[in-house]
Amino acid sequence: MNFELPLSGVKVLDLTWHSAGPYCTRLLADYGADVIKIERPKFGDPSRDIPTFFSQEHAKETSSLFMFLNTQKRSLTLNLKDSKGVSILESLVRESDILVENFSPGVMESLGLGYEKLSKINPSLVFTSITNFGQTGPYKDWLGSDLVLYGMGGPMLNTGHPDKEPLQIAEYLPSFHVGSTAAAATSVSLWGAESKGIGDWLDINYFETLMGHIDRRSTALLNYQYNGVISTRPPIAGSPGSGVWPTSDGGYFFTTVLANRFSAMARMIGAEHLLDEPAWATPAARAVPERTDEFSAMVILWMLEHTKKEIRDEVESAGVYGGPINNIAELLKDHHFEERAFFQEIDHPLTGPLTYPGYNFRIRDEDGEKTLPNRTPSPLLGQHTDQILINELGMTNIAVEKLRDEGVI
Amino acid sequence: MIFPSNSGKNLPLEGIRILDFTVVWAGPFATQLLAEWGAEVIRVESTKFFPSTTRGTLARPSKELVQQGGIGGYPNNDPGDRPWNRAALFNVHARNKKSMTVDLNTDEGQEIFERLIRESDGLIENNAIATMERAGVSWEKVSKINPKFILVRMPAFGISGPYKSYRTFGSHMESVVGHYSLFGYPGETPEASGTSLFADPASGVSGALAFMAGLRQRKRTGKGLQIETSTAENFANQLGPHILKHSMDGKDGEYKGNRNSIYAPQGVYPCNEEDSWLSITIYNDSQWNKLCSVLDNSDLQNNVEYQTNEGRMRNHQFIDDQISRWTKEHNSVEAMNLLQDNGIPAGAILNERDAFLDPHLDEREYWEELTHPETGTFLYPGVLWKAALTPNELRRAAPRLGEDNEYVYKDLLKYNNEEYENFVKSGHIGMDYDESIQ
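Sequence order for the protein chains is A and B.
If you count the first sequence from 1, position 178 lands on 178 in the numbering used here, and the numbers rise without skipping.
Take any residue in the second sequence, count from 1 to its spot, add 1000: that is its number in the numbering used here.
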């Protein structure tokens, strides 16, 4: 049975590169949009050149970052600095619902592809711009990186060890979060554009997205006004039992901020006698820092006698909040994700089948759970150029060959 | 009633009504984004049940406990008479939303819930599976009552599978899907890394996207649907390049602190005030030369080896020490401005005070003021993105528990005054948590 995804029929012109923009269009493609990735002839998206590569010989096609970000997309090479390239893009704009770009502010205008111009060609176009700091303001031309922008906008001052420098989170997470926000924003405006026939120009940027996203940061921003508190990296074990603990085979992470979770943890480690003692009985009594240290000594002893799996089996009946510290190898073998058939094998012509994370959504309707399509692998550079120009824009083979000779495609 | 927007163009989601069953952070962030763009979001709450870590960590924390800190933040460290209306944890995201109360653990409550389902476009939740079973939230049920209903479920590990009942916060889901193996200080164990809570906002955005996809699917097919987006699977997606790398080379990541795996130098360097820091990423030789000039450091400037990225990578520690020598003499915000003016990617690790003083956010009118009847007037992070043709701003402060009961029961669900008073007596309607709840 042919199941059509929610964004079926939506055409996306993808002028993004590197990580945030491509994550946005990856999500739109997962939900069923037809994404045409516009790439610079011969060079392509710079993320094609970022290691790890499956094979050095085919470096441009087998970057792990690029392959992850560009499943389900088609690649069209186009030189946007050539007027013929611009006019092909304009023809595509006429047929498209969405354009996503993450150039620096002003670049699209300088290419003759600014919102004002493209909205005249297609008034219902949703034009999504992703930048470091936004289209306006004193920092608009500033340079950034995931680290720089997470540090400025995000809760980095709260991440890491109190006696060390603030710590970044895993590579690409800030970018993907911004890309994901751009996908949500784009889908909100698409809804408006499809209802009213009028598109919009969206200004999405790392700095403001991370400053307002829900994490300790947003709560701390309000608490600063409430109480003048400037937050920092909290103690590693912030309340009795909370934190990452060493187990006999790795680590396990618990959070016990809630009164009843402490009791549950005390029972789990065989320290239920504490609950009858005044020094431990109430949240206020336990908030004294010495309690954390005393409890830590008991927790560590118990933890070191158990494996992650044993603890995993205990916590549910004990009613404790926590999770094992896994690495990627352990994640890939985890029976939960296996049973949910989360991971997907995608076959790429130059790598063969590799394991990718699956869709981040599942759909059910009156007919039951839907089978989502197998994803297509990331496109080879310019793989779909002929298909799009000849079959979809109706250009002749000769015209396309001429463009190729001129370096436009 | 829809709160009027300040512009001529309507917000795109005006006319869409969403029942909000969300708790903690991930789910509330999804409904925050949708409410910002015009959806009417009604938090469906209960005076008989205090969901953990939502309207505060405890319903009635003592003043003593609040003053010890670490419990979420109340104005002037005073939990007040109704702490659940004052917690920073809740008020920061609940702007633009409404609140009603109903006891779903009664037949009467379930009848009220059925009317709500008929009058709404969808429901978003991120609770423990058992909690939703008790509340009577399931696709089978809602789709029978309203076949055009959109149910978005954001469970921790999914609504099926061996882990579906595990109790977790977002940070634990991060540890299960491998995040704590991917960030940390070199040579240290994961204990030293502290906590990442990034799975919550990541999941929230995906919940909003899922709802939008649901709306479009309903328009295409004329039928309702359930979309499930599990926080753990969503976060595993965001670790995709690391997973794909592992499937290529079979290797686990190693802790590299604040360094970049490709470009050097990159780091976080101490500045001249307590807990003040500057981050720098050098992408190319030109930025490196500019940095050397600003630092005016001949040891760096004259060393040919440092003229290539590979050379800088090999000598990263020495370079870090030299950069730190300079940053320790500088204020982090001033250093950021100086480096950026010279074309170098650098940023201060902004604390709360720096953030509110930031001239860029100020010029872009990022902070927005809202007045709340039980906390006062404060600045909030504004609408997360701007739309050129659709000016937008925050409309209303976080709702007090049950603040919109009259509107929901009478205007929306068409109960008459007598029925309303009966619901007050039978404990559905109220603005205070049951006294038994601590």
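Since the hints were derived computationally from the structure, they do not count as laboratory data.
Note that the Cβ used here is the ideal one computed from N, Cα and C, for glycine as well.
Certain hints may be false.
27 Å max Cα-Cα, derived DSS-like pairs, lysine-lysine [what the hints assert, rightly or not]:
#1 B:Lys1290 to A:Lys140
#2 A:Lys333 to B:Lys1148
#3 A:Lys370 to B:Lys1328
#4 B:Lys1164 to A:Lys196
#5 A:Lys402 to A:Lys370
#6 A:Lys60 to B:Lys1164
#7 A:Lys164 to B:Lys1219
#8 A:Lys42 to A:Lys333
#9 A:Lys196 to B:Lys1328
#10 A:Lys196 to B:Lys1148
#11 A:Lys140 to A:Lys81
Sample of chain A residues at the chain B side, in silico, Cβ under 10 Å [stated by the list, open to error]:
#12 Arg26
#13 Leu65
#14 Gly112
#15 Tyr115
#16 Gly197
#17 Trp201
#18 Ser218
#19 Trp280
#20 Ala284
#21 Ile363
#22 Ile388
#23 Ile390
Please flag the earlier hints that this structure goes against, numbers listed from lowest up.
-> 2, 3, 4, 5, 6, 7, 8, 9, 14, 16, 19, 22, 23
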